[in-house]
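Using the sequences and the hints, build the whole thing.
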Amino acid sequence: MEQKILFNIVQVLVVMAFAPLVRGVLNRLKERIQSKRGPSIFQPYFDIWKLFHKDEVVSEHSSWIFRATPYIVFVTPIFVTLLIPVLTGYPLFFAFMADMLGGGFILALGGFFATLAAIDTANPYGPMGASRTRMVGFLAEPVFMIVFFTVSFVAGSTIPYIVQKHWVTPLANFFEPAHVLVMLSFLMLIIAETGSIPVDSPSGHFELAMVDESKGLEYSGRGAALMKWGGCTKFFVLLCIFLNVLVSPWGLAHGEAIGEVFLAVPLVLAKILVFILVLAVIESSLAKLRLFRIPEFLGAAFVTSVAAVITRLLQS
Amino acid sequence: MELIYILLIPVVVAALSLFPTKGRDFAPLTTITGTAAVFIASLHTALKASAGSDVVAVEGWLACDAFGGLLLLLVSFVGLTAAIFSWGYTGRIAGPNATVRVCRYYRRYNLFLVSMLAVPVLSHISMVWIAVELTTLLSVFLVSFPNTPEAIEAAWKYSVLTCMGAALALFGILILYWGMTISGGGPFTWSGLLAAAPKMPPALLQTGFLFILIGFGTKAGLVPLHTWLPDAHSQAPSPVCALLSGVETSTALYAIMRLIPAVQAITDGHSGRWVLIFGLVSAGFAAFLLIQVKEYKRLFAFSTIEHMGIILVAVGMGGAGAYFGATYQILSHTMAKSFCFFAAGAALRVAGARDINSVKGLIRESPLVGASLLLGALAISGAPPFAVFLSELTILKAGVSSGQYVATGLLALFVVIAFCGIMFHISRMVFGKPMPHSESRPLPTSYATSLSLAAIPVCLFGLYIPGPLLELLRLAANALGR
Amino acid sequence: MPGTDSTILLLTELNALAASFFLLTAFGLIATRQILACLRIFVIQATFLAASAFILSYQNASGSLFIVGGITLAVKAVLIPWLLLGTLGDELRSRREISQVFNISTSLLISLILVVFAYFVSVPLLGSAPGGASSVNLPIGLAGLLLGAYAMTVRREAVPQVIAILSMENGAFFAGIAIAPDLPLIAELAAAFDVLIITRVLGVLVMKVHEHIGTTAVGDMAALKEE
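Protein chains in written order, with numbering that gives the first Met the number 0: chain Y, 0 to 315; chain C, 0 to 481; chain D, 0 to 226.
Since the hints were derived computationally from the structure, they do not count as laboratory data.
By construction, the Cβ of each residue, glycine as well, lies at the ideal position given by its N, Cα and C atoms.
Hints may be right or wrong, so weigh each one.
[To be verified] Partial pick of chain Y residues on the chain D-facing surface, computed with a CB cut under 10 Å: (1) Asn172; (2) Pro176; (3) Ala177; (4) His178; (5) Val179; (6) Arg292; (7) Ala299; (8) Val302; (9) Val305; (10) Ile309.
[Unchecked claim] Below, in silico cross-link-like pairs of lysine-lysine (DSS-like), each with a Cα-Cα straight-line distance of 30 Å or less: (11) C:Lys47 with D:Lys207; (12) C:Lys396 with C:Lys293; (13) C:Lys359 with C:Lys293; (14) D:Lys207 with C:Lys156.
Set out below in structure tokens:
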């Protein structure tokens, strides 16, 4: 029992520690693909460190929401970390606290507060970006729902640990259309939720075109550091869900020895690195969609997930 | 053996038309001789079939029974008369590459004829599908032959809509094949399907039939998938229109009708009701739409839709009398409709205008054309003593005697409306003072020959049907019912 | 030859995977905005059709299905694009955006409804027959057929309409390889030839439309309507 609580804490620490690294590697890869030098892969760490040592400036027209949001945005992905398989293949102490649906809601809570805070400051660009983020969010909702329904229909449960076992044992299950199509639509969801191309441009500085980045515009000092770190953690968490549950449920620790758990860390990072490579290639080869084409993108994700359900129904 | 000749001769003629160097009249003349030979062979086949025996050339692939023999006869007769008419039509083609265009026309004409001849003759149902699909593909360029924007637009709608229908029918055929393999196999021919029908799961049979009804119904011009028909059947050259309206829609309907005994065996009444409703809707729509047409060829095209509807109503009613009426209606409609289009083509040549309002007093301007147009209109709209009147009467009588008063009443109403519509328009064209035309031309002799040849069955079959032909009709009707 | 249970399971899943990608390409035809993309999606669809044919031929140890798969690849993935690019090359490469009667999101929703409809039509059909690959191929083939018909009606340009018709035949064949695997080879060959003729005829017709009417926005052709 104590082992499981310990592993849970180790999980959280690993996620908190390596999330900025993942973001840094992604940024550098994208720049390298475009034949530029790119920042160091540890740049996000330096940025967070720098921001923590700066003064905070808070608008006097803002309310408690503005002040509370960075903490909420930082903490919610950590809660979700407790629920998902990151290092181990068997459920840990907090694993049954909420299932995937609950995890999704907790992440959405963070996004909700970020949106509110963006409107709170009366910065003109804040609400604009907030409304766009909400549009993307609410269009992605049906896709989330159908993905969850498919996965739970196929695997018989919505707890990530149990779902993950379903794809591993008979190899044939890996090639199930329900699986492959759910992977595809979840990939499209990740792109939408984390604000990557083709939905949004994460490295753009043009406020009129920002969708997701605008939530962090007004923050400074510790607030900005927490928002940044929270964003990286959310990205890492989504990747963990995608990779450890759906795509490659291998390489996770199955025993109780602490050595195995620590061995799982580089394996997980290696999986994430491979996926980052794919993501960087996708981001570098597509152009950002016009705002009113985003519903079509999410419509394609929706249709993919519905196709998964239908094929699954046909097979049974 | 004749079946192989029937299919081979037009192909040979088409190949011969590849040589434009032999002069302008070579292609038309070979076509006319070829279609005459085909007609004689079909006559022979039909006679043998009317005596009760099936004509078999290649077991399981090429065979022809009574119903097929009827269709074969009709296709070859209209092919002959239209070929004669085409001589006059292509005589008008001028320009630097006129001979090439003429040869192109005849090559396509012969290939189109082959595809239509193939439908009643092929036994395997999937080959029949291919033949029906080919009737579309090989006639597309005939429809667009005048190369005017309207003709090309008509050809586009025609090809696209009928290809879509053919794909739906393909699915239906695959489902029927599936049903046959489940229920024990057997040759996938019309008779094989009939034999296997009692053992097939009814859901398969019904679904397959429905898809084929909708798919081939698009080709036959059933409402609401008829939108291509008035355009294609009016913009094409008149001999091609005669072929299209007279026989091509009938071949599509033939394919649907041959499924009926198999489907009736199982579903007792449901599919008959679908067919009845389809037929009534088509006949009704066409009857009402035909009142407000502006061009006389479109008028005849809508009349085709109406007659296809009438035939389907007869099939849907069921019973030996109605089936006989259906086959009789196919015969009478083909003869009368091709004659109408020949008359329309002649009127177009004489008057130079397509729309009804610009043509008046035809009977004074050119008595032959005016008289044929009037005769054709009377024949096709169901006036006594022509064959269409008798066949419609047969159908109505059968409807009354089998107790389906609503359907019969509606059908009678639609027929009367169509009669009034057609006669109103045509009489405006034929009587009255002739208008001066800037482009009137003399009538070629081939037009006159074709008109007189086509007029014979129109006038004759209302009064007297030769014995073997009557027997052929009866046997064909038997093939429909059980 | 198929042996162990796990191989059969794997093959069934792979076939289902090919079927689901086939369905996705059918959706893709409706969702795309470019003419060349339509052609590419059609080629991908034909590839998945051939893949399913190969998988089923291995599962049923049927040589004719293998030949069908080969013919499909040769005709639909190679010959037809070659024909279309030859006849209509400029047309295919020229215009960038093609329009529809409804906008794409509405079309996607309508096509979802069509797929569900195809599913409901297929269930009673499948109930009366033994299962196997037909339980997946039949509904998805029917869905491909209906989606192609829908794509044909909503598109306003000529070339996407042609490609939609060809995809309808793809759908019918996709169902056919599972439910009628032993159709005589002559029929399959003739059908493949037929598809080639369709492409040729429609291709030339599109050129004529372009020549004589000026544009290939065939949805706007209204010269023959009654006023």
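Query raised in the report: Broken hints, numbered, in rising order?
Result: 11, 12
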